[in-house]
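> Required output: the full structure, derived from the provided sequences and hints.
According to this note's numbering, the sequence shown is numbered sequentially starting from 403.
There may be inaccurate statements among the hints.
Said to hold, decoys possible - Mimicking SDA-like on lysine to any residue, the simulated pairs with C-alpha atoms at most 25 angstroms apart in a straight line are:
no.	residue 1	residue 2
1	Lys717	Glu780
2	Lys726	Asn714
3	Lys514	Lys459
4	Lys717	Asn816
5	Lys459	Gly648
6	Lys437	Gly495
7	Lys437	Ala504
8	Lys433	Asp423
9	Lys404	Gly464
10	Lys717	Glu800
11	Lys717	Tyr818
12	Lys445	Ala458
13	Lys459	Leu592
14	Lys704	His808
Don't read these hints as lab results, they were simulated from the structure.
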Amino acid sequence: MKIAVIGTGYVGLVSGVCFSDFGHEVVCVDKDPAKIDMLEAGKVPIYEPGLDDLMAKNVRAGRLTFTLDLAAAIDGADAVFIAVGTPTRRGDGHADLTYVMAAAEEIAKTAKDYVVIVTKSTVPVGTNRKVSEVVSKANPKLDFDVASNPEFLREGAAIDDFMRPDRVVVGVENERASAVMSDIYRPLFLRDFPVITTDLESAEMIKYAANAFLATKITFINEIAALCEKTGADVKQVSKGMGFDGRIGNKFLHAGPGYGGSCFPKDTSALARIGQEHATPMLITETVIKVNEDVKRRMIEKLRDLCDGSFNGKKIAVLGVTFKPNTDDMRDAPSLTIVPALVGGGAQVSVTDPQGHHEGEALLPGVSWVEDAYSATEGADLVVLLTEWNEFRALDLERLASSMTHPRMADLRNIYSQEDASKAGFEAYVSVGR
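Spelled out as structure tokens, the structure:
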């Protein structure tokens with residue numbers, strides 16, 4: 403089949419590359435000439451393990467191309483996927499659908515033959531109905547259907563998630579659109595991966611409900627961690643004991659400095675707003691949003707206590723600033739709350755992150771970027787382990803401690819233990835929920 407993907411951001415590029423690996427003819431479209439030039443040169447504008455090799459493979463096979471020309475991209479396409487950004491709208495917390503609707507209108511004005519217009523972007527319930535209205539208004543003669551196909555990609559594991567998904571969700575209105583979507587996902591169906599077909603509204607809601615629930619699990623265990631610290635319990639043992647219950651599961655039960663990233667903050671905010679608009683408040687989700695911000699502030703107080711009540715004049719090393727490992731994404735990362743508090747409090751902050759420098763340099767003014775953990779901790783009064791990159795999981799703690807002026811560690815990902823730190827020569831060590 404021929405597929406056009408509008409938007410070469412995280413979702414659009416990963417989807418386009420993976421669709422081409424299914425054997426489809428895929429054209430990825432973007433309005434940014436620099437991005438298209440980069441892609442045509444074989445360079446990937448985002449960090450996602452394995453994506454560059456898979457992209458190169460399918461470009462060589464002739465199944466994957468990139469263009470600025472929307473008309474050429476959708477000419478003869480069986481389906482056009484809208485994979486543009488839906489950032490949180492300033493002022494009301496709702497998802498900004500400006501780019502989605504603009505893409506829908508452009509498709510309407512350009513398409514000539516029957517096409518399925520598929521919303522891949524995360525959008526509020528009812529958006530696909532609005533897309534249909536926009537397309538019909540822009541081109542009343544166009545023969546088309548709309549479909550909702552939300553993504554469930556974890557940054558750092560996106561290719562595996564696309565190729566071996568827990569499920570694929572497809573919202574359609576009729577058999578004609580369903581048949582097109584079935585052909586697109588046939589390689590997954592043949593390998594018995596679940597492809598769930600629903601109505602448009604249910605598909606849209608599944609995405610928000612799933613992400614809000616995962617954000618709730620993270621926030622719940624972070625609240626339990628705070629209570630563990632007061633009562634003497636160990637949150638790692640509590641999480642393990644909870645996770646063996648099949649009704650609960652062990653994923654997303656790791657205490658830390660709060661969730662961030664491109665999905666959870668945006669999607670919980672949007673779901674809360676949808677509930678308010680329909681006079682059905684999402685009280686649990688609203689509380690999750692508040693508690694997650696409180697968690698980040700609680701981490702700052704942990705660090706302040708380790709610095710004898712003041713950051714002023716202290717040298718602090720921060721290991722990891724992306725919201726999670728194996729990504730360069732800084733969106734709503736806990737570091738964007740915690741690091742400015744250190745700098746604002748008068749600390750001299752050294753930062754290292756395997757992939758965070760490019761984005762982080764603009765987002766974290768006033769810090770010094772260094773190559774590795776050992777350079778960051780030289781002469782430091784405190785080391786803060788903020789993102790659990792693999793290279794931070796097996797550090798030589800004795801080397802770290804011996805290079806520091808005051809060997810103190812805030813392990814906000816619970817990678818090490820009090821025993822490990824004490825043996826290595828750290829005079830103070832704190833973690834989360836232990």
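> Now, for every hint given, state plainly whether the structure supports it.
Consistency of the hints with the structure:
| no. | hint | result |
| --- | --- | --- |
| 1 | Lys717 x Glu780 | 9 angstroms, holds |
| 2 | Lys726 x Asn714 | 28 angstroms, violated |
| 3 | Lys514 x Lys459 | 31 angstroms, violated |
| 4 | Lys717 x Asn816 | 22 angstroms, holds |
| 5 | Lys459 x Gly648 | 40 angstroms, violated |
| 6 | Lys437 x Gly495 | 29 angstroms, violated |
| 7 | Lys437 x Ala504 | 19 angstroms, holds |
| 8 | Lys433 x Asp423 | 24 angstroms, holds |
| 9 | Lys404 x Gly464 | 12 angstroms, holds |
| 10 | Lys717 x Glu800 | 19 angstroms, holds |
| 11 | Lys717 x Tyr818 | 22 angstroms, holds |
| 12 | Lys445 x Ala458 | 9 angstroms, holds |
| 13 | Lys459 x Leu592 | 23 angstroms, holds |
| 14 | Lys704 x His808 | 16 angstroms, holds |
In summary, the numbered hints that this structure violates are 2, 3, 5 and 6.
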